[in-house]
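K.L.:
As given, the protein sequences belong to chains C, L, E and B, one line each in that order. Take 1 as the starting number for the first sequence in the numbering used here and just add one per residue. Take 1 as the starting number for the second sequence in the numbering used here and just add one per residue. Take 1 as the starting number for the third sequence in the numbering used here and just add one per residue. Take 1 as the starting number for the fourth sequence in the numbering used here and just add one per residue.
Just to be clear, a hint being listed does not mean it is correct.
Just some of the chain L residues that point at chain E, by a computed CB distance under 10 angstroms [as the list claims (entries may be wrong)]:
1. I181
2. V197
3. K530
4. D531
5. S533
6. S535
7. G536
8. E537
9. L540
It should be emphasised that the hints constitute simulated quantities derived from the structure, not laboratory data. Fair warning: this is a prediction, and the values are worked out from it, not measured in the lab. The C-beta atom is built at its ideal place from N, Cα and C for all residues, glycine as well.
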Amino acid sequence: MKEILYYTWGAIVSFVVAFSVGITYMGLNRKITARVQNRYGPPWYQNFIDVIKLSSKKTSIHHGVMQHMGPAFIMVTSVVSLLVIPILNGNKFFPNLNFQGDLIFLLYIMVFGPLGMALGAGQTGNPNSAIGVTRGLSQMAGFEIPWVMALVALMIQYKTTSIVDLMNVQVESGRWLMFSSPFAFLAAVMAMLGMFRYAPFDIVGAPQELASGPMSENGGKYLFVMMSAGSVFAFAKLTLYVDIFMGGADNLIILVVKTFALYLIPMLYGITSPRYRTEQSVRWFWGWPSFFGLLAILQAALF
Amino acid sequence: MNMIYILFSLMFGGAILTFLAHKVSGLLRDILFVLTILASTVLFYTKIHTGDAVDFSISGLPLQWGINAYGRIFSLIVLGLGVMASFYSVSYMKGKERLGYFYFNFLISLISMMGILMSHDLVSFFIFWEMMTWSSYFIVIYNGKHVQRSGINYILFSALGAYAMLMAIVMVYAHTQSLMIQDMMQAFPFFPVAYKVWLPILFLTAFGVKAAMMPLHVWAPDAYSDSPMAYTSVFSGALSKMGIYGMIIVFVTMVNYLPDDTWFRETIAWLGAITAIMGTLWAIAQDDARKLLAWSSVAQLGYIITGVAVGTPLAMLSALFLSVMHALFKGTLFMAVGAIEKQTGTTKFNEVTGLIRKMPWTFISSLLAIIALAGIPPLGGFVGKWMLYESLINSNHYILVIAIFFASTSAFLYCYKFLFGFFLGQEEKEWEQVKEAPALMVLPMLIMATLLLVFGVFPGIVLNPIDLGMQTLGFSTTAGTFWSMSGLFNEWGNQVMLQPLVYAIGGTFLFFLILLTVKGFKETRYVTTKDISSSGEVPLEHENLTFSEGFYQPFLRAVWPVMKRRMMSYYQGFGQGMEAFFDYLRRVYSGNGQTYAIYVLVFVVILLLFKNSLFG
Amino acid sequence: MINDKNSQKIVDIIQNFARQHSIWVLAYGTGCGAIEIPPTMTSRYDAERLGVRGAATPRQADVLLITGYLTTKTLKRVIRVYEQMQDPKYVIGFGSCTINGGMYWDSYNTIKALDRYMPVDVYINGCMPRPESVLSGFAKLQELIQAGKADGAKKYKENLEWYRTNQKKVIPNWHMPEYNW
Amino acid sequence: MVGSPVLFIAVPLLAAFLIPLLGMIWKESIRILPGLVLLYMLVLAVTLLGQVMHTGTIVEIIAGWKPPWGINLVFSPFTGVLATLMIGMGFIIWIYSYRFKNVDFEEAKKYFILFMMLVTGSVGIVLTGDIFNQFVFIEITSISAYALTAFYKHRDSAEASFKYLMIGSLSSMFLLLAIILIYSQLGTLNMADIASKAHLMKPEFKILAVIFFIVGLGIEAEIFPLNGWAPDAYAQAPGPVGAAFAGIVVKAGVYALIRIIFTLFDVSGTHQFLIVIGLTTLIISEMAAIRQERLKRMLAYSSLGQMGLVLVAFGIGTEEGIFAALFLLINHAIGKSLLFLSGSYLVYNSADKYINETNGMGKFLPITSFLFALGALAVVGMPPFSGFWGKFFMMSAAAHANMLLVIALILSVSLIELVYYFRVVNRIYFYKKESHIEPKKPTVNAVIAMVTLGVIILVIGFYPDVISGYLHQASQALLDKGKYIQDVLSTGQLLTH
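Bound-form chain C, shown alone (with noise of 0.2 angstroms):
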């Protein structure tokens, strides 16, 4: 019973470091556009007050049920995989509910959540969410494989399907796998630009086209909680992939620092570049990232 409470405190508290850190990221996001843009930018806790204010908003509308769930679906994403990836080494705080084969148990799971949503923004009946649901399930189609080939690359290497394999091997070696398995670690960061949804492959959301997507009928408290989810879940993955690539953390701040590092890939490539079509980004990433990852596997297979 107290290990039930205990791991039930480290999960609150790591929810709540992973919301503020993400949101902070989120904010930061768009203080370093406005840099690049030449503009001043909003101050980097913009995004806790954009937060706040959603959560004060006083009314909301939902079209039913399944629009009413949606937002708790994606919550449990981006809570039970930040429960799953181990956030820093070795410490017992955090609650760990990693075990052998949780990175398939973490693909499936990272899609329950867009699917939940993606069910309750078809209840909307609003045609720009479903459209934005369709592109976003098709770019998925696309991202997956070169990600997924990245990590058949690191599972058939080290044969092993569990996180903390993966970390251990990094910790004992002193090396990390970014560096031991470069391709697979290029395919998987070409596969982060599709995970992150920022331009050229923000296609789902796409405000000028679709008044946002799967999200154009959210408001208020859904909308809250659907923004907090998502930066969640942005911790995590970067987490994931510090811990898969990077050796994982000993601390927050080096967790901090490493992850904010690899958030700047996808950000600043996303503030250089235009928006592709669906089938562009789909084909982007079944050529170069998978091919990547083909290389990765190659050379889990051969060396």
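For this one, chain C is given, so just place chains L, E and B on it according to the hints.
P.N.:
Positioned in the frame of chain C, the structure of chains L, E and B alone reads:
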């Protein structure tokens, strides 16, 4: 008299009585139909025990019927789905024509599936196999003129497979002088090499047809989608599993003894993977729910085939587990489509939308089934997929994992399309009067969907019988090794999977759901789907804002180069060529008496000329 | 504790601060004024400093920016958009045309005074108002929000009858759902 | 003893002559008499068959001349099974055609006379032990068959009959030639005697005789290049006659061919020749069948193909193969007759008998259509119907003889068969009826006949042991050439002392 005889006489008698009762009264017929299945299920599970067998002989051929633990796994699918589908069909088929015919064939196909599982010898196996083929064929063509083509395709491919099997059976018979499957298994290692290669190929052709393996799958999408939905759930859920049943036997007993079995396994595994990919892509391209599900069945069977072909204990376990899951979720989904067809009269995504509030129970069961189909935890599909990936990675099938994963990811596309097309989207006025399907149709779906959830959380319920069955096939027990292998199956009685994760999922979901509901509860209101932000316009009731045409057009554009070449067109070309050839040959019979007389003379002359070489 | 007056006050202060510094604008580009929005948002004037940001749909927006004259036809859409927005919501009338019709003062098909039809919180004067004045308009709105005086939505709800009568007077075929907040 | 084999020839022949006489007294008698006769023969045949299975072959000597010189009838398990089958089929076809030409007395009289002659001739071919006598019976059968083919007196049926006649006379010619050859060489016409002396013939003459026999009997047995007449005859003859052709006449032809090849001469290569020619017949006929537009022609071609299959099974030459061949033969007799009988009701009122004129008959003629479907399933070889067992036994026989390629060929041709039969069944049940076709309800006696056939199909299908015991003995009897010779010739010796 032995219980096995009683079981078969009960089912046959029930089938014939049902057929005859059709002439007397509809109610009697329905009752007889359901009772037959129920009674035989009860009989099977209470009175017939693993290891029971009866021997008899027909015309000098010694035959044996019995049941072992391996067949029992599949009997779960057949009888379980059979019971559900029987209740469902009573309601679904109400008011249709030729019900005696339908129920008769339905029962015959169930009987023959049970027969296949209970055959210990090749002849009765083949007999039941063919009975299954024609009974299902008669249901495929039940819907009238427009489905005859799919029927002919189906019977043609099935017969191709069946004849391949017949050939293999007589080869075995000629070589071993015995028809027992057990004897074949024991004798196989001592067969000549040519037999060792040909027998598995012939058997796999037979089973591959039923399991819709590329390139023998072309009948499947049409046949699945054209038969009445009440039967398709059994057709796709259970009948196709007979192919898997046979395949596993072939792989365990034959391929293991091939001189070099790697290439064989790889080929079949890749065929399975390609089946999965192409099935998925074509499912995405469909605009009709029945076709979509049919292609999706093809794809799902592809995973199972891959699992079987890879053939490690874990892969086998996953294939069998996925078989059970596929039966459940595809059964549910086909039933849901049937319910929608019954209530709205169409199964096209671009015709019917927004049924979620009208048919909530159908929606919930479809939702659960779709989640399981997509392999998303915590439902049953995930466990199977997880085991499949794990086994593929452990057995060094790197590219195969990618292929399977691609198919599985793309499957989300059609999963979403299915739910969105029917249940979500604009709630059009046209479908305002639609009611939830009758309870008899909804209950089976709900029960099966619940089972999916239960099996997802407690996979041991299914995995234990599967483990027993695999021991019959000569695998060592997997329970000890795999339960402890991963936290997925942790120590809580070997039954519970993902316990903390399930709690985490449930807890998070509930917390945020409550948060969303409670926060500003009074100020949250429901608005209709016409009240959407569409540039300030107020859509009128007749204005259709539904998005369903060209749903995945961009994606399809991206994958079009792969889909351009269709297997079907090759077969069609071949068929047309053959027909032209036949037509040419037919002209030998010119209808002219003189020609015929000349034939006779020419024949005589030829015989006389070559008499020495002919009769020397 | 939540119902406690003091804590309610604290919550109000936090909420008003958030609302004040996070203004998501649905720019309804009705007239020529829409051309002034891009410079306002981009690097020269950079309205994002103030937390002002574009919103894609009325469901997410806080401020409805009416940029210029409104024909009766457009008015209907604007009303619709306004009613789809979530509380608390504000309206900024932009340009002279929204105040008194401006150069369209005698046009047969534009409305002259926006606040007869919608509760306008802030007017921005000028034809055209420069980005500077737009920014000052946003600043004014922020002030009002902080003071809790930007209660246009409340007014609208209270005087719905009056607004409806006015609206229906100019809009000939009225096919709108009921506004039932 | 209930009776002797000679009654199988004498009684129906007598009945054929009595029909017109009795017809003058009581018009109905022309219908009843053949039935009574056939029933009597059936009872007799079954009893005799039972007896033969226990006691061995019955050899009947006609007019007291002992075998090498006189005519004898041999009722062995093999011939007995075939004779019983033919008589049984004759009886069922009689039931079916009891009301045939109900109003036209003269026509009916003609039909029944010819029908009795046909049965007599065919049974005679099977039973006789004398080669010239067999020729005579073949002529009897053929002549009645020509007449029956032309029964409707249409242009088409006359043409078909003429073709049949023309080819048939060629057949007679070659048969006579062969018989002359043998007689000139051996000075005997008794089959057993020929068989025992065959090695005395000069090899060239022997081969020549075999070739002439193959051609002459091949025309009756409908092997490939010689069967041009068959589809026309089958299609133009009245429905029951078509059934009789498939169920009775062909069987006699095949019997004669098999007897020549298996018993009379042991020329090497004949078995292989049977397989090759059987396969050719099978393949070409099935290919022709799938492209037919008329129901009866399709059935006819399919019948040719089936007989090819039977020949292949015989050609395997082992006991198993002959057993399978006999099984196939019986299945073909039952199944194809059922198809002809039910099929002729399905296209009863259409002028051209096109297949698409059977559309939607399932609703109007439920029993007939059902039986047609059953027959189709049986002929195609779907378990658990009778056809499957024949096919299975044949396959395993071929596999035992290591003829895997033959199996593969036969199975691939079976696919074609499957397609065209199921196409028709689909049409019957699931297409909309052509508006101008008026379905004709089958009469009660026709239904009884067809249902009997259907029941037989089911019984054999579910319990093949009913006949397999007989067939095993029959196939042994055919293979045991020495016993045949001994049986026949020793009877003569018995008579002498």
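K.L.:
None of the hints should be skipped; say for each whether it holds.
P.N.:
Going down the list of hints, with the structure as the test:
1. I181: violated (64 angstroms)
2. V197: violated (63 angstroms)
3. K530: holds (8 angstroms)
4. D531: Status holds, d = 6 angstroms.
5. S533: holds (4 angstroms)
6. S535: The hint holds - S535/L has a Cβ within 10 angstroms of chain E, the shortest such distance being about 7 angstroms.
7. G536: Holds: closest Cβ of chain E sits about 3 angstroms from G536/L, inside 10 angstroms.
8. E537: holds (7 angstroms)
9. L540: Holds, because the Cβ-Cβ distance from L540/L to chain E comes to roughly 7 angstroms (cut-off 10 angstroms).
Consistency note: the structure conflicts with the earlier hints numbered 1, 2.
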